[in-house]
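Colleague: Sequence:
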Amino acid sequence: MERFEYLLVLAGCLAITAPLEFLGARVYRRPARLARAVLPVALVFVVWDVLAIAAQVWSYDPQYLTGVRLPFALPLEELLFFLVVPVCGLLTYCCVQAMLARRRPRKEAGR
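Number 85 in full-length UniProt numbering belongs to position 85 of the sequence shown; there are no gaps in the numbering.
Everything labelled a hint here was simulated from the structure, so no lab data went into it. Errors might be hidden in some of the hints.
[Stated by the list, open to error] Derived CB-CB ranges, DEER-like: (1) Gln56 <-> Arg104: 47 to 53 Å; (2) Arg103 <-> Ala73: 45 to 51 Å; (3) Phe45 <-> Glu5: 16 to 22 Å; (4) Arg30 <-> Ala73: 29 to 35 Å.
Nothing here was measured: the structure is a model prediction, and the numbers come from that model. Glycine residues also receive a C-beta, built at the ideal position from the N, C-alpha and C atoms.
Using the sequences and the hints, build the whole thing.
Modeller: Here is the structure:
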């Protein structure tokens with residue numbers, strides 16, 4: 001079970017924030033916007049990780065990884081981290097924004 005720990009944490013993050021979509025986040029309903037928000041950031045950090053791995057600045061404990069390695073020795077879980085965490089953050093931000101918008105008093109017509 002330990003070798004799936006990283007994946008389980010990421011799945012937990014998605015599971016915890018998934019209901020926010022139904023509370024007004026509307027993140028998954030706009031996939032192009034989601035991709036524009038997440039992919040550039042993920043790309044920067046994937047390149048950063050690949051360079052750090054190549055320079056042996058850091059490594060990953062294989063005990064907590066599935067063993068699936070992408071090109072340049074990047075663990076699958078690390079790529080998923082750079083996608084999942086921003087999505088969860090965006091879900092949270094958009095949900096809070098939507099809920100605050102509902103609480104603001106609406107301006108009456110004619111004022």
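Colleague: Against this structure, judge whether each hint is valid.
Modeller: Now for the hints, and whether the structure bears them out:
1. Gln56 <-> Arg104: 47 to 53 Å: holds, 52 Å
2. Arg103 <-> Ala73: 45 to 51 Å: holds, 48 Å
3. Phe45 <-> Glu5: 16 to 22 Å: holds, 20 Å
4. Arg30 <-> Ala73: 29 to 35 Å: At roughly 34 Å between Cβ atoms, Ala73 and Arg30 fall inside 29 to 35 Å, so the hint holds.
In summary, this structure violates none of the numbered hints.
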